[in-house]
Every structure is written in structure tokens, then in C-alpha cells.
Amino acid sequence: MKEADFRDNESLELFKQSGGNILMTTIDAVIDWGRSNSIWPLTFATSCCGIEMMATGASRHDFARFGIEVYRASPRQADVIVVAGTVVNKMAPVLKRLYDQMSDPKYVIAMGACAVSGGPFFYNTYHVVRGVDHVIPVDVYIPGCPPRPEALLYGVMQLQRKIKLESMRNPRQTVELK
Amino acid sequence: MDNAALKERILGLVPDAEFLENKQFLTFVIPPAKMHDLALKLKFETDLAFDYLFCLSGVDMVNYLEVVYHLESTTQKHQLVLKVRTADRENGSVDTVCDIWRTAELHEREVYDLLGVKFNNHPDLRRFFLEEGWIGHPLRKDYVDEVNIVEF
Chain A
575 MKEADFRDNE SLELFKQSGG NILMTTIDAV IDWGRSNSIW PLTFATSCCG IEMMATGASR
635 HDFARFGIEV YRASPRQADV IVVAGTVVNK MAPVLKRLYD QMSDPKYVIA MGACAVSGGP
695 FFYNTYHVVR GVDHVIPVDV YIPGCPPRPE ALLYGVMQLQ RKIKLESMRN PRQTVELK
Chain B
626 MDNAALKERI LGLVPDAEFL ENKQFLTFVI PPAKMHDLAL KLKFETDLAF DYLFCLSGVD
686 MVNYLEVVYH LESTTQKHQL VLKVRTADRE NGSVDTVCDI WRTAELHERE VYDLLGVKFN
746 NHPDLRRFFL EEGWIGHPLR KDYVDEVNIV EF
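For the record, the sequence lines run as chains A and B.
For the first sequence, the numbering used here assigns the number 575 to the initial residue and increments by one for each residue that follows.
For the second sequence, the numbering used here assigns the number 626 to the initial residue and increments by one for each residue that follows.
Keep in mind the hints are simulated off the structure, nothing from the lab.
We treat Cβ as the ideally placed atom computed from N, Cα and C, and that holds for glycine.
Derived DEER-like restraints, expressed as beta-carbon distance ranges:
#: 1; chain 1: A; residue 1: Cys719; chain 2: B; residue 2: Asn716; range: 38 to 44 Å
#: 2; chain 1: A; residue 1: Asn663; chain 2: B; residue 2: Pro656; range: 34 to 40 Å
#: 3; chain 1: A; residue 1: Tyr645; chain 2: B; residue 2: Asp676; range: 38 to 44 Å
#: 4; chain 1: B; residue 1: Pro640; chain 2: A; residue 2: Ala647; range: 55 to 61 Å
Chain B extracted, bound-state conformation (with noise of 0.2 Å):
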């Protein structure tokens, strides 16, 4: 499916999804609430067929929070980013799409570490690349570490 038709489809599955000019990718920031049924139909529909998530990261963007998932088809060789915002840094969380990508379960828990961003229905979500009991989340913007880090 070309990057044209390929903006239909998805803008019909979620006709309030923004979308995003000049970007390497077609991308699309999509309400949280649906990102779940979005991710679902988005793999197991035959024409879209995402049965490759191939990063998922996390951004700081001082205003929100935002998750970023790149997806590709291996089949019907499309790409795809879909971004999820959430404004509350606090207890902002996004819903889990470890169950449809297996591969999310780590990219997830390596978010929540570095940014903290909390996945709601995650299996296992702890700290990965820092030990159990550190305080705060270091890529966050305003994080604020006295001992190690020089501000300039």
C-alpha cells in the first residue's frame, strides 16, 4: 500500500488521528485512549499487516511526554510512526502494546526507566538499565542530578 492510501486507511480507523507534514515517515499522532484498538487492527488486518514493530522510543518534550512506535509490514512493505502524547508527566500512562508486539515488553520497561512513562496492562514493568531504587527518571528534561552533572 502506497504512503497516499495508506493515510486514508488509517485517517478512517481514526478519523480524530493528527497528522504530521514532512516527515521520513508518514506519521500520525494518535489519542491515547486509542492507541490499543488502533495497534490491534493495525497488525491483524490483512491489507496493513504491521507485524514488525521495529523501535519504540520515548521523547521528553517538556510539554508532554510522548511515545513514538516506527511499524513496518513485511509483507506488504509499508511503514508507518505513530506517536502518543500524554501531558500528564506525573501518572501520564499509555496502554501497553507488548500483547500485540512481543518485542514492546523491553522497549516499554526502557522507557518507563529513562522517562517514566507508565504503561498501563504491562506484564513486568520495572527498571531495565539502572538498578532497583534510583530515584527519578534521568532523560527527563528537568531532571536534576547535583552530584554528577555540571550545569553550564
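Extracted from the complex, chain A is given alone in its bound form (with noise of 0.2 Å):
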């Protein structure tokens, strides 16, 4: 993706038209500012995609860099769970609950394809939990087996830019499971 369309796409321009641009005051640009820039992530890692979040938050990669920056073992202090891993029907209600004790405003990334869809476990499986959006509402889906670094930051950005794009007036609304 070359630099123009990611700072200035379809979906933002869609975005922009459905009056995000009348709506967002100063304030709104503030805080968004703020809130994309420290996203603390919340440490679940299931399984091999949890080796390169580990990997992304090293030296070499460095999320930190975004502000996507201190792993919370608490999910109370957290703003965004990472699911990077494989999910079984057992851990389910574990992660519903983690997410539920996150405080707002919470984002969900699933990364890798087991938290997508399943992944390779997808089919003659009698456990898995074929995507996490099953469970909790999912913001970003990085695709990958497990996705590289570069692709957990692209998601994390992508992230940000959603975040920037959120005002006062009209709150991102939390989707209530049933």
C-alpha cells in the first residue's frame, strides 16, 4: 500500500462523508490523538501467534514505536486484546470474561487465522471456536499462519486510524452479545 492511500483511502473518505468531519471538534482530535497513540494491549496469546507478538514487541520490530506499548497482564489497565492464538471452547468463556473487565473504550484484534476463522483447526476439529468474533466483537482481523510483525503493526495501525476516527458526540457503540 503506498503512503497516499493509507492516510487517505475509500473507507476515510466514506468516513468523512457520513459527517465525521462536522462532528469532529477539536476536543474529539485531542483525545483521539491520545487514545491512538497509547493503546496498552493485554496479554493473551494463546498459541504460535502469541511467539510473534512477543516478536513485534522486541527490539527488532518494536510496537512500542506506535505507542501499542505496554502489555497489561491485568485486563482492567488494558485497552486493546490482542487474540493471537488458537481458541477452544474451554478458553472461550475465559476471553468473554477478560473482555468484559476490560474498561471502555476496548478494541478487539484477532490476529492470525485461528482467532479469524478457525484456522487450520477449521474443520475435523471437535474444539475450536471457529473465529473469536464468535465470542467478542473484532476490530481488526490480521489474516496470516501466524501473520509476520509487519503485519500485526499494519493491523495495529489500522487500529489507530479507526481510533482517530471516533468523536464525543457519537461514541463508538460496544456490541452486547447474547
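Fit the two chains together into the complex; they arrive one by one in their own frames, and the hints show the way.
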């Protein structure tokens, strides 16, 4: 993707046409700037994607550059949950509870094929959740098995763009799952 | 003790043990009733001294269920594999060895959970990976899950 597309692509135009540019006040801009540049992730790595996530946090890729910085061991201090790995049926209630314990605004990144769709375990298994969006609402999907650290960085930047379009008068609706 | 001597020693302890040729480890099939006695001797006789159960696994061979014990002696530096077979799939049971090697407690729970082998005298035989109330044992060849598993 070219730099120009990344800055201003079609979806961004659509967001703007929907009234974002009218409602977006200076305060919104300041708040969104702050939020999008201090996304604290929750430590939630269930399989090999977790290794890539750790690599992303380590010195070579270092996603602290983008403010997604301090891994929190407590969901109450976290803003984003990066679901890195397979979620099995026994883990699903735990994941739901962790998500419920996070304070708003909260975001979810589904990292890797398992979290997106069940991955290589999509059929012929008896215990894998086929996509983490069966359990919690997902903001950004990152395909790959596992995704490279660059892909996770790109996903994080997409989430930051999403956060930057939020407005105080039209806050992000949290989807209630029945 | 080298494998030839160990083989003679095992056959001396359990004459009706069946020796399996051409395996990576020295392998015997032991009658289920004699497994616990043999395990006691393997651990506590000083020339055998199998103090380390490094793997306990289960296999569904369709005609019978099999429990495989991988043993090692950290002092004598020899290794041994024992297999116990039970033809009765529903109530087939094997004596536990977790009173001899404590690590077997969790391994046997896993084998019970996924294959449904029941272990006699096990102190806490319940499901390990799957939730309580799960019906069936998923690693069995005849396990049917019409919701999740696609048959080709």
C-alpha cells in the first residue's frame, strides 16, 4: 500500500462523508490522538501467534514506536486485546470474561487464521472456536498463519486510524452479545 | 544394563510378556493383571531402578485400547517401553501406576479424558482437558461429532 493511500483511502472518505468532519471537534481530535497513540494491549497469547506478537514487541520491530506499548497482565488496565492464537471451547468463557473486565473504550484485534476463522482447525476438530468473533466483537482482523510482525504492526495502525475517527458525540457502540 | 540383559530380566519377571521386534526402544506387551506388580519391581529393584516415567500415552487400535509406558532409569541409563492392551472398550481398565510414579496421575487423567481408558485405584480420575459433562472420548476412532467434524 502506498503512503498516500494509507493516509486517505476510500474507507476514510466514507467515514468523512458520514459526518465525521462536521462532528469532529478539536477536543475529539486531541482525545483520539491520545487514545490512538497509547493503546495498551492485554497479554493474551494462546499459541504460536503469541511468539510473533512477542517478536513484534521486541527490539527489532518494537511496536512501542506506535504507542502500543506496555503489555498489561490485568484486563482492567488494557485498551486492546490481541487475540493471538487458537481459542478452544473451554477458553471461550475466559476470553469473554477478560473482555468484559476491560474498561471502555476497548478494542479487539483478531491475530492469525485461528482467531479470524478457526484456522487450520476449521474442520475435523471437536473443540476449537471457529473465529473469535463468535465470542467477542472484533475491530481488526489480521490474516496469516502466523502473521509476520509487520502484519501485526499494520493491523495496529489500522486500529489507530479507526480510533482517530471516533467522536465524543457519537461514541463507539459496544456490541452486546446475547 | 544393556538391552539383551534387560530383555532377559523382564522375561524372567513376567514370563508371558510378549516381546515386540524392531522397535526404537525395548518393547514388551504386558498382561494387564501383571502390570502393577511389574511396575513395582521395575522401580524398586536396584539393578532395574526405573525411576522416571517419561511418557504415558494411550492409543486406540480399534480392536483394543492400549496404554504405553515409556520408562527410563536415570541411574542405570537404560530405557524400556511397556504396553498394556485391553479389549473391552467400554469398561476395559488398567491398574494405575500413579502410586509408583506420581507423574502418571495427570497422564492417566489425560488418557481417560481423550480415550476413555479407566484406571483402577486412581485417586482422582476425572476429565482433564475437556469440560465436565462432555459426552464421549474424542480421540477414539469411533467418536462421532456430527456438528463439528466433516467426514470425507
